[in-house]
Amino acid sequence: MSLTAVIDSNVVIGLAKGGVFNHLRDLYTGLYVPPTVVNELRQPGQPGVADLQKALGNWITVQTPPPGAAGTVAHALAAADLEALGLARHLAVDHLLTGDLRLQKAAAANGVPCLGAPELVLLMKSAGCVTAVEPVLIRMERSGYGIAPTLFASILAAANE
Amino acid sequence: MLLKTVRVELHVPEGISPAAHAAAQRGAEEGAVLRLWQAGELSTRQASEELGLAYTEFLDLATAYGVAIEQGPLHEDVIAEAARRLRQPSQ
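Chains S and L supply the protein sequences, listed in that same order. Counting from 43, one number per residue, gives the positions in the first sequence under this note's numbering. Counting from 52, one number per residue, gives the positions in the second sequence under this note's numbering.
Calculated directly from the structure, the hints in this document are not laboratory data. Virtual Cβ for every residue (Gly too), placed ideally from N, Cα, C. Some hints could be false.
[Claimed, not checked] To give an idea of the interface, some chain S residues facing chain L are shown, with a C-beta separation under 10 Å as derived from the structure:
id : residue
1  : V104
2  : P108
3  : A148
4  : N152
[Stated by the list, open to error] Here are a few chain S residues that face chain L, going by a calculated C-beta distance under 8 Å:
id : residue
5  : L69
6  : G72
7  : L165
8  : A200
9  : A201
The whole structure should be built from the sequences, with the hints applied where relevant.
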């Protein structure tokens, strides 16, 4: 079965810091990114930039949503947030990949399920892409991608680690 | 065009140097924006704009303050459904 998603900047950065960005292609047969996210990740040397650039046009597609695709959003959001949410709605993807709490709230209000980078690591373990989540989460944290202790513990428990 | 909507008015005792006042003002603004972001009241992009930072710079700032970038909650139902679909054979 195939899964599809729109990916946000924080997930690109988080998964790159964990060294598991490329495993996204093992989970999703369709991955899309709005141009605003690509523009945020252009500075060479920054985490996720090289990974994203390699994936663009290969297994990640850049796409702009039509105007107003985000629908009626009760939560105030930045234009790029609306573009990510709008693209997810327009393409009717399975997930919006973001750990941004504000954007997650707006997505939930629009019926779009969200997953953040640490949750994707858990899904990667379930799919057999990684053997354990803890080393990946520790790599993310040591690289400056902090995970709240309660979320960290919940993921380890769900992974039976 | 950046539009600051979070404003912090900081009063300090007389004799505080302008440089120290400015640093404290900046720290107060960063603290306020980080708390609003942590509570999910501002998105990362909104918070970045408030502080005049790039997206990645704001994430670095959160890290410098010891604020987790990923706060949860764990969407167990979404993960379970995705895992179930991944286990299904391709049509």
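Results for each hint:
Of the supplied interface hints, the one on S/V104 is violated, with its beta-carbon coming no nearer than about 17 Å to a beta-carbon of chain L, more than 10 Å. For the restraint placing S/P108 at the interface with chain L, the shortest Cβ-Cβ distance is roughly 21 Å, beyond the 10 Å limit, so the hint is violated. The criterion of a C-beta within 10 Å of any C-beta in chain L is met by S/A148, whose closest approach is roughly 8 Å, and the hint holds. Taking 10 Å as the C-beta cut-off, the interface hint given for S/N152 is violated, the closest approach to chain L being about 15 Å.
For S/L69, the interface hint holds, since its Cβ comes within 8 Å of a Cβ in chain L; the closest pair sits about 7 Å apart. Restraint check, S/G72 versus chain L: the minimum CB separation of about 13 Å is more than 8 Å; hint violated. Contact between S/L165 and chain L, as hinted, is supported at the beta carbon level, the nearest pair being about 5 Å apart and thus within 8 Å. Below 8 Å, beta-carbon pairs count as interface contacts, and S/A200 has one with chain L at about 6 Å; its hint therefore holds.
Annotation: interface hint on S/A201 violated; nearest CB of chain L at approximately 10 Å, more than 8 Å.
When the structure is compared with the earlier hints, violations turn up for hints 1, 2, 4, 6 and 9 and for no others.
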